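Asks: Take a look at the letters that make up each chain.
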Amino acid sequence: MAWIPVTHKDEQEMLQAIGVSSVDCLFEDIPPSLRLKSWNIPEGLSEIEAYQHLEALSKKNETGYVSFVGGGYYDHYIPAVVDYLSQRGEFSTAYTPYQPECAQGTLQAIYEYQTALCRLTDMEVANASLYDGGTALFEAIMLAVRVTGRRKVKIIPGLNPIYEQMIRTHIANLDLELEYGDEPEGCACIVGATPDFFGNIHDFTAIAEKCHSASALMIIQFYPIALGIMKTPGEMGADIAVGEGQSLGLPLGFGGPYLGLFAARKEYIRKMPGRICAMTVDKQGKRGFVLTLQAREQHIRREKAMSNVCSNQALCALRALIYLCEVGKQGLIEVAQDCYSKTEYLKKKLSAFATVINPKPTFNEFVVRLPIPAEKVILKFKQNGILPGIPLKSLLEHCKQQIPCKDKDGNTYGEEGDLLIAVTEKRTQKELDMLAELIRANIS
Amino acid sequence: MDLIYEKCNHRQAFSFRSNREFDVPFPRELRRQKAAELPEVSELDVVRHFTHLSRRNMGIDTNFYPLGSCTMKYNPKIADVVSSFVGFTQLHPQLLYSETYLDCVQGALELVYHLEQLLSEISGMRAVSLQPMAGAHGELTGVLMMSAYHKHHKNTHKKIILIPDSAHGTNPASAAIAGFQVQEIPSNPQGTLDLDRFREAMNDEVAGIMLTCPNTHGLFEKDIQEIADLAHQHDALLYYDGANLNAIIGQCRPGDLGFDVMHFNLHKTFATPHGMGGPGSGPVGVNERLLDFLPGPRVIKKDNDVFSLDYPKNTIGKSAPFLGHFLVAVRAYVYILMQGNEGLKEVSQKAVLNANYVLSRLRAAFPPAYDRLCMHECVLMAMPYHDWEVRALDFAKALLDRGFHAPTVYFPLTVKEALMIEPTETETKETLDQFCDTMLELAELAKQNPDELRNAPITTPVQRLDEVKAAKELNVVRPLNTPKT
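Protein sequence lines correspond, in order, to chains A and B.
Count the first sequence with this note's numbering and you get residues 110 to 553, in order.
Count the second sequence with this note's numbering and you get residues 126 to 610, in order.
These are calculated hints, taken from the structure and not from any lab test.
Careful: at least some of the hints might be erroneous.
As the list claims (entries may be wrong) - Here are the computed lysine to aspartate or glutamate pairs in the EDC-like style, where the Cα-Cα straight-line distance is at most 20 Å:
id, chain 1, residue 1, chain 2, residue 2
1, A, 457, B, 148
2, A, 438, B, 168
3, B, 284, B, 246
4, A, 392, B, 127
5, A, 489, A, 286
6, B, 276, A, 233
7, A, 517, B, 154
8, B, 597, A, 233
9, B, 438, B, 413
10, A, 319, A, 292
11, A, 392, B, 354
Said to hold, decoys possible - Negatives, chain A to chain B, calculated, CB over 12 Å:
id, residue
12, 152
13, 172
14, 214
15, 288
16, 322
17, 478
18, 511
Being a predicted model, the structure only gives us computed values, none of them experimental.
All C-beta atoms in this analysis are idealised placements derived from N, C-alpha and C, irrespective of residue type, glycine included.
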């Protein structure tokens with residue numbers, strides 16, 4: 110086999126050095142009755158065959174559409190340098206920086222990522238990343254429970270239903286109470302998203318103040334691209350800020366890998382989950398970086414650790430860092446403004462003849478209520494090369510949400526006609542006009 | 126080397142050239158006060174900065190990386206190529222949750238379905254879900270299924286999970302986060318689970334046992350059948366930590382050994398890149414007992430080869446937002462297809478052969494923690510060099526100067542001055558010999574000139590770092606307007 114370079118001659122020499130007669134002797138500890146007799150694994154393919162097989166599979170997926178599908182994961186442009194640089198083997202084939210002297214590239218990148226995330230959110234500290242937005246939110250709730258010693262958690266309506274289901278799954282055995290609301294008395298934390306799942310922008314400043322009077326933590330789930338222009342979790346008084354980092358240079362990739370963004374106020378750093386990188390000096394006084402506060406983590410604390418997380422999404426965090434360096438201070442404002450403007454343009458156009466459920470400013474997403482089931486019209490849009498958005502009812506059902514589902518302002522969602530439409534900087538005016546035209550044609 | 130923030134000079138690498146006629150002013154009361162102080166550099170600055178950073182790393186592509194427990198095998202480049210096909214990278218995951226859109230994702234569902242089948246066959250488990258996003262996340266998902274199983278069967282008294290003292294820290298941490306009490310079982314003098322102590326600990330309050338097999342001493346749990354029988358007599362579930370699956374793939378299967386639930390590490394056994402610490406991927410496999418508790422949705426194959434979704438009857442819910450780290454799964458899939466039947470068996474054969482060869486060459490200078498044949502990794506000790514005040518860490522650092530990544534040191538916690546070496550099957554004998562020669566030279570050097578080891582490394586971008594200062598000062602974020610140092 111091409112990837113296993115041990116020749117017959119090597120094998121003989123090695124067996125002799127070991128002092129056994131065959132490779133099989135090395136497996137003698139496995140009870141013979143338990144050894145594999147046969148299995149149904151096909152013969153190996155050549156690289157050419159494998160390439161062709163995978164190419165054919167990839168082409169069974171339909172990706173050529175103009176897409177208005179969002180729901181927490183967005184079709185943003187990925188600058189060329191992100192792929193180019195992150196694919197370097199020195200990054201991709203390295204592991205956790207256990208030996209910091211030969212992992213300064215990894216560690217400095219994590220330090221720069223933590224810095225970028227704090228500047229983006231106006232928070233004080235950040236970890237080296239978690240799996241995704243949903244697990245970051247779960248970990249944020251666990252941090253609030255550790256800090257306050259309280260068992261009640263309240264969610265402000267409008268959270269991504271996928272995250273809510275992930276949280277419920279992960280806390281199933283933990284004796285926590287999960288409720289909707291924004292009154293923090295007796296709570297470990299209040300969890301709010303801005304923009305929320307339906308695109309609504311909220312200012313949680315007043316709720317954060319109430320949290321602090323009640324010694325509860327305010328957790329804000331953010332959308333990193335929106336923070337190019339939007340009021341930040343730090344400005345609103347968040348104690349913990351979490352988000353999905355996919356929009357920062359990560360491909361949609363049918364579900365991942367993604368990036369769990371996690372930042373907090375400094376006082377919580379010793380109870381935070383995940384890896385944290387710190388600046389220090391080497392013995393000659395030269396600047397260098399190491400992982401720090403490892404006594405929080407599972408490899409030292411075992412069952413008393415702050416989290417069971419052992420890895421981070423380092424390569425995804427690197428992509429996010431490269432993205433933020435490449436677009437820079439000005440570029441992030443541009444992309445955020447572009448998403449917002451195009452969304453408002455489309456919303457205004459649609460409002461003339463269709464029902465927009467949330468007409469107030471939304472960041473890059475909103476819900477239109479069609480007079481016919483959304484699932485039914487999708488086919489017609491597809492024929493015109495467009496994926497018009499997410500049929501909300503189906504998604505909410507997949508996430509075991511009660512229907513109708515509310516947002517903070519009391520709007521309700523989940524009727525058959527509800528379509529969640531997302532707009533990114535990649536959509537052109539022509540494409541927006543085309544979507545509007547198709548919607549008009551299909552409802553009249 | 127400068128931080129990217131120290132290179133900022135009001136340049137703009139990338140412009141979105143937004144269409145200004147379009148501009149709708151963002152509401153003033155919702156605006157951020159000041160722009161985020163992100164770098165302002167040219168594109169060439171970005172390219173040079175990250176290229177330079179990459180050169181301050183060791184990876185499998187640059188150096189032998191015998192990091193025990195981590196299976197740092199060669200990552201085939203074909204996997205990078207096929208996982209970047211646009212049909213995979215540009216596929217929106219939310220299409221999954223709408224019946225009408227399932228047409229658009231048939232290729233992806235087919236891939237997930239087949240990979241789950243292949244992993245089931247490799248492990249001898251009944252079914253696999255790709256959802257968990259890393260090994261530790263697979264453990265948590267597995268333990269959550271165990272908890273759901275006991276709840277379903279009204280086994281409310283089951284509150285304890287037994288874990289050997291040699292286990293990875295993630296095992297007890299995952300069990301605790303899923304709401305269980307952890308009880309540690311010691312190893313016996315032969316380095317495997319102490320069966321008597323296990324028998325004593327086993328009672329009706331035990332919900333499950335988490336085992337790594339071979340364990341972190343690199344030894345196969347010979348008593349596995351008895352362990353499984355004893356557990357099942359008490360309706361406790363047996364969890365297989367797949368960290369060391371590379372040792373036994375194609376030789377025996379966790380399902381046949383009696384395990385009820387397990388996780389795989391696609392980034393270890395199936396050669397997907399470790400990415401400096403992630404993304405990994407930690408699919409879970411279950412036998413019949415836990416089938417109804419798997420995370421959902423699951424991909425099913427309908428008549429006329431159409432792929433669709435279904436939910437297990439008592440599903441624990443979602444451990445990932447969609448079907449897991451799909452682009453990592455694509456890599457593992459192509460790896461399995463290319464290795465095939467014979468290739469996968471050869472993986473464990475050569476991984477175990479290589480580890481035993483290293484053991485045979487080093488055992489005189491570095492006594493093994495347990496002096497017997499090993500599986501895919503060997504655990505040696507740096508104890509003989511205590512008299513010269515040279516420790517395992519010093520050997521690790523001296524290896525860096527000589528072009529090798531270090532083995533895992535000070536793990537497992539059960540072994541003093543541990544050097545845990547996992548060469549994997551993808552290294553040549555020449556590389557193993559160079560590594561062993563170097564280790565033996567260092568063993569001599571430890572006696573002749575211990576200072577050289579204690580002062581190592583000296584050729585790396587930085588020398589030994591002050592971890593105490595790092596933890597004390599906690600400089601984890603670059604403050605704004607910091608003068609360049």
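Asks: Would you mind marking each hint as holding or not holding in the structure?
Replies: Checked hints:
1. A:457 with B:148: The hint holds at about 13 Å.
2. A:438 with B:168: Between residue 438 (chain A) and residue 168 (chain B) the Cα gap is close to 13 Å, so the pair holds against 20 Å.
3. B:284 with B:246: Violated. Residue 284 (chain B) to residue 246 (chain B) sits at ~32 Å, over the 20 Å cutoff.
4. A:392 with B:127: holds, 19 Å
5. A:489 with A:286: violated, 44 Å
6. B:276 with A:233: At roughly 41 Å apart (the allowed maximum being 20 Å), residue 233 (chain A) and residue 276 (chain B) break the hint.
7. A:517 with B:154: Roughly 18 Å between the alpha carbons, so the hint for residue 517 (chain A) and residue 154 (chain B) holds.
8. B:597 with A:233: holds, 17 Å
9. B:438 with B:413: holds, 13 Å
10. A:319 with A:292: Holds, at roughly 8 Å.
11. A:392 with B:354: Judged against 20 Å, a Cα distance of about 55 Å means the pair is violated.
12. 152: violated, 5 Å
13. 172: Per Cβ check, residue 172 (chain A) is inside 12 Å of chain B; nearest 4 Å; violated.
14. 214: violated, 4 Å
15. 288: Holds, because the least Cβ-Cβ distance between residue 288 (chain A) and chain B comes to about 18 Å, which exceeds 12 Å.
16. 322: holds, 23 Å
17. 478: holds, 17 Å
18. 511: holds, 15 Å
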